[in-house]
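There are 4 protein chains.
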Amino acid sequence: MLVLMKPQATEEDVARVCRKIESMGYRAHPMPGATRTAVGITGNSGPLEPAEFETLPGVAEAIPVSKPYKLVSRELKAESSLVRVGSGSDGFTFGGQDLGIIAGPCAVENREQVFAVAERVRRAGARLFRGGAFKPRTSPYSFQGLGEEGLKLLAEVRREFGLLIVTETIDSENCDLVERYADVLQIGARNMQNFSLLKRAGRSRKPVLLKRGMSATLEEFLMAAEYVLSEGNYNVILCERGVRTFADHTRNTLDLAVIPAVKSLSHLPIIADPSHGTGRRDKVLPLARAAVAVGADGLIIEVHPDPDHARSDGYQSLHPDQFDELMREITAIAAILGRSTPCPFLDVAARN
Amino acid sequence: MLVLMKPQATEEDVARVCRKIESMGYRAHPMPGATRTAVGITGNSGPLEPAEFETLPGVAEAIPVSKPYKLVSRELKAESSLVRVGSGSDGFTFGGQDLGIIAGPCAVENREQVFAVAERVRRAGARLFRGGAFKPRTSPYSFQGLGEEGLKLLAEVRREFGLLIVTETIDSENCDLVERYADVLQIGARNMQNFSLLKRAGRSRKPVLLKRGMSATLEEFLMAAEYVLSEGNYNVILCERGVRTFADHTRNTLDLAVIPAVKSLSHLPIIADPSHGTGRRDKVLPLARAAVAVGADGLIIEVHPDPDHARSDGYQSLHPDQFDELMREITAIAAILGRSTPCPFLDVAARN
Amino acid sequence: MLVLMKPQATEEDVARVCRKIESMGYRAHPMPGATRTAVGITGNSGPLEPAEFETLPGVAEAIPVSKPYKLVSRELKAESSLVRVGSGSDGFTFGGQDLGIIAGPCAVENREQVFAVAERVRRAGARLFRGGAFKPRTSPYSFQGLGEEGLKLLAEVRREFGLLIVTETIDSENCDLVERYADVLQIGARNMQNFSLLKRAGRSRKPVLLKRGMSATLEEFLMAAEYVLSEGNYNVILCERGVRTFADHTRNTLDLAVIPAVKSLSHLPIIADPSHGTGRRDKVLPLARAAVAVGADGLIIEVHPDPDHARSDGYQSLHPDQFDELMREITAIAAILGRSTPCPFLDVAARN
Amino acid sequence: MLVLMKPQATEEDVARVCRKIESMGYRAHPMPGATRTAVGITGNSGPLEPAEFETLPGVAEAIPVSKPYKLVSRELKAESSLVRVGSGSDGFTFGGQDLGIIAGPCAVENREQVFAVAERVRRAGARLFRGGAFKPRTSPYSFQGLGEEGLKLLAEVRREFGLLIVTETIDSENCDLVERYADVLQIGARNMQNFSLLKRAGRSRKPVLLKRGMSATLEEFLMAAEYVLSEGNYNVILCERGVRTFADHTRNTLDLAVIPAVKSLSHLPIIADPSHGTGRRDKVLPLARAAVAVGADGLIIEVHPDPDHARSDGYQSLHPDQFDELMREITAIAAILGRSTPCPFLDVAARN
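Protein sequences, first through last, are from chains A, B, C and D. For reference, each letter of the first sequence is one residue, going 1 to 352 in my numbering. For reference, each letter of the second sequence is one residue, going 1 to 352 in my numbering. For reference, each letter of the third sequence is one residue, going 1 to 352 in my numbering. For reference, each letter of the fourth sequence is one residue, going 1 to 352 in my numbering.
Keep in mind that the hints are not guaranteed to be accurate.
Same chains, same names: a pair is fine if it fits in one copy or spans any two.
Claimed, not checked - Restricting the straight-line Cα-Cα distance to at most 35 Å, the calculated cross-link-like pairs of lysine-lysine (DSBU-like) are:
| no. | residue 1 | residue 2 |
| --- | --- | --- |
| 1 | K20 | K206 |
| 2 | K152 | K199 |
| 3 | K199 | K263 |
| 4 | K206 | K67 |
| 5 | K67 | K263 |
| 6 | K206 | K263 |
| 7 | K199 | K6 |
To be clear, the hints were calculated from the coordinates, so they are not data collected in a lab. Quantities reported herein were computed from a predicted structural model and do not represent experimental measurements.
The following block holds chain A by itself, in its conformation from the complex (with noise of 0.2 Å):
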């Protein structure tokens, strides 16, 4: 059930509608909008009465919401959400006109690599740095990541550097430590439906990057994310980064086409991951580009300064240079669609 606040509607009439729900047994979710607000209702098991929440002061209205996601709905909330990341000058909002850069190594290897690679990436545009300190691996006996000495790591670059730093959180126990160093807390494919990490992500004052299940429908992608908002964490940025499929040319098929299908059905800021998505080093830079141009509101990018020799995923790093052209070609099509980078190569405007 989803209820909507006239425009003239008080901070009174909305708290009124939030008691009744609660003294119901269920959890109020006010959703403020450009307009009107809208309160979704939720730990309801059957449908609801309209007529119980129509009949109070400032109500426009009581919709059952037959999907069964809620909270992550358009229909709940009409505007795209910004999400904020970080605060102050070196902030960024997901979301916005501005792209999401995201780039950095697969591992955090040591001070040296991390330190080469946001140097590189700040210089280019990037706002914000990837790098794993606990890295999910397939093998148990694969390098697993240098743990809290890689988080120190990260501090230390956005110290240096003005990065915010997005990493990967792998259990709800690890989520207490991640949680003190990361500005953006990362959500694998492989944990997209475990709902303890969801639940604990849920509760965290730090935004989620939530990426897609490898073989995850749209519906649970959402619900995935229904899960962090549902604790009431409203900070979520998606992320696509590829299915599984029979495909066998690239590691992962980069299914684009969600990202449009998310905007129409969700408020929910989406990006994409064309390093996992293809898996391969010269297939990241044309993705990018298709990426940006069907709109996503971001990109996340793997970069190494020595690929070659990398602790994990190398071949699908791109090496700095590489990532300078990205930056540059990436911009001049955000430009198309209205959007901007804050990539600073002049020559962009000159290729143009």
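Given the coordinates of chain A, work out where chains B, C and D should sit on it, guided by the hints.
Using the frame of chain A, we list chains B, C and D on its own:
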């Protein structure tokens, strides 16, 4: 086996190599390049001895080819192929700087319909017109196309609007008829491994538009093209039209990564079909932008003057006004990649 | 629309309904059942008025059919169909108590090979012999079959061993030739939506073995059969041969659940092909057992006297001794489901 | 690296090899076999020198292992593993002659429900009882299980009916609780790559039932088991429960070929879940027969006293009478493969 001639080899040198190959019972495929000619050998069931050819005058090297495809391969022919459709001033070349835009209704219904669409798409910059006269339909009870009457209407469209005609042929007998009317023979996804039809198209003098099968790997796709080339018709344009996956938010999953993958393995041009690739009108525009951004050599788009009353696939056809918008946006993106479209709309530049 | 006659309706009542349907420009398909006859109507593009038929003598009810398939449907014909192949004492009926076992090499290579296999599979209980004379191959450079010479060898096998011949037809022209030699026309997975070939097979008097396409849904599979029936040939045997998925431990994923699914929706018999369904010799026996246990009406199995030197698909062909073992095991499983095979081996009972 | 001991090697020889491995900083995994012991080495990041071990007393050979999995591999341990659940007369061993039958409701709802099911499935021959107390649900608003109250009801079922308890653990914290009540820790498909949970289960003394992920390759499935073994818990039972494909006639596609594939690569037992593998009640019985025929070591089946009113997944749960029929049919099939079930129904023999 691939026989690479020296840059200074004479025509007689090439002819001598071909005669040698044919005297051994195989087939020779001379492919002239910008700096030198290569001669492909097909028909041999096992490996050949390089020395048999390397001792002939004008031969630089004889290279055993390990990939199952030969004639479609960039190893055989390093330069991208230009596929010329039609002739004279109305002719068009795929694979060059200009993107090839094919537009029109799913099925030819009547003169009023095709003329209405043709006038609009020609005005917006399409140089080729699509429209099915023979429709492969999942149900035997669905509209199967107007047949030869439809082909005649397409011929009228060519005469009246100077548009080149792309239309589907559904079996080898039918090919005799379609060939008389069409400028490009389209082979649909369901027929991608109809080897009889591929061989028949390989003996045609008309270029072939070959759509990827619904679950075809990249190798199978290139091998289907190889069938056409192996019969002597080198004018093949490939087309990505979406593959079948578990994802249910679009009718198919448009696999845009196959476009750079084809370009690195093959010299053939490749276009994208965002209409069938998504199956939903509101996804055609964003995926068309993405396809151009990823590097496609063109697009094939369904346009209908009254999509809601179309006799087939209306829900994925654009209104003519939406096609105008599509042409504006892809023209701007093409420019960033150093390419162009024949779109004449002045406000493109303005928007940039 | 489906017109159900009353149990006591006369032949003249049925004929009157058919004439009425044909006078409206549609096609009538009378299907006699055990207790009453149903008449299917095809060729109508929109819904018909039940009252048009319900007022005729002998008519019980006229039912609008919502599923896209009609003639293949159990709604039209509740009893399972029996498909008779061949005639006289060598004839065999699919869909009855006996499982139909089709065995033989992938491709016909020479008399010695086919005779060697035929002798062994006949002895083990196969009543039908498979062998390709026209092979649809992914590569134009692979062995494409012996053509008519192969068909003649198959005819010799029939004469010598009393085996019924199942062989593939690859296009509608080729069908004229294959029909003269074969007892069952096989349509391969790649041609499941070659509608020209389906229609041609629908006009044949020989039964059709229709394999499921590599990415065909159940509905598409049944619609392909509907094409054959809609042309008048009701003798169709379906065949599950594996679908394409991400799983890479077998060549295809044998979808055994489609067998009970077909049986609940359609009256047609369905068999399984564990040779193509797995693509690996060591998986053929366990999946053959599973197919019989799930309720298949038969199996088609590749057997070769010397699989390691077969000219195509040898790695999935059984040795004759392995086929003996297969027959023993499936015969025992069949008995549990109240079915039987023509396997004569005495030790089957002993083993139980 | 795998160190194979000679058949006559002493315990001290084995211990010496283990000490050597540990002194190098790696982990030793001695696995005693029927004729000789093998010692797996894990923890090394690169290749080791065979000579380091082959010079030790009692060592036959040191073999570099190329597959990414080691401990789960038949190369390490040629004999099939027996996994013992529970102890004493109520204990059960997976991987031996008897098929392990796990039956019960999807979710524990109340005492009446679990007792009603337990009484029936025990009577029909099940030796293990399934029932979820913590349910991973796609929607945060769906019933998530009774939690510890549910575990207590399961403990009552064990006491009352002598059934062993199989129940799901959803994260590593939750594992502490579940372990106190369960005889087998179930890890669901969505958690197959929740590496934190896998490691936690690897430190448990309870056997683990590991379900294949919805889009897991065979290698990923075995690597997930490797995580559990690498922590020291060698008691893993694998479970095929259907994979995600384009096919829409069942909820998942049960990939039965994975069962013989696992058996050729790994010594671990594997069972099948036809309830989740099909998602439809009328498909459970035929696919259960097929799973036993293909060689599964057991089944896990959902049974509910009143499936139409179940709080989760009722549409795939069997009525108790249907479960009786299932036990009869699979018992007869098992006999053909030289296996048995604890099913006591007398008419099984009669039917055969």
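Exercise. Can you list which hints this structure breaks, lowest number first?
Worked result: none
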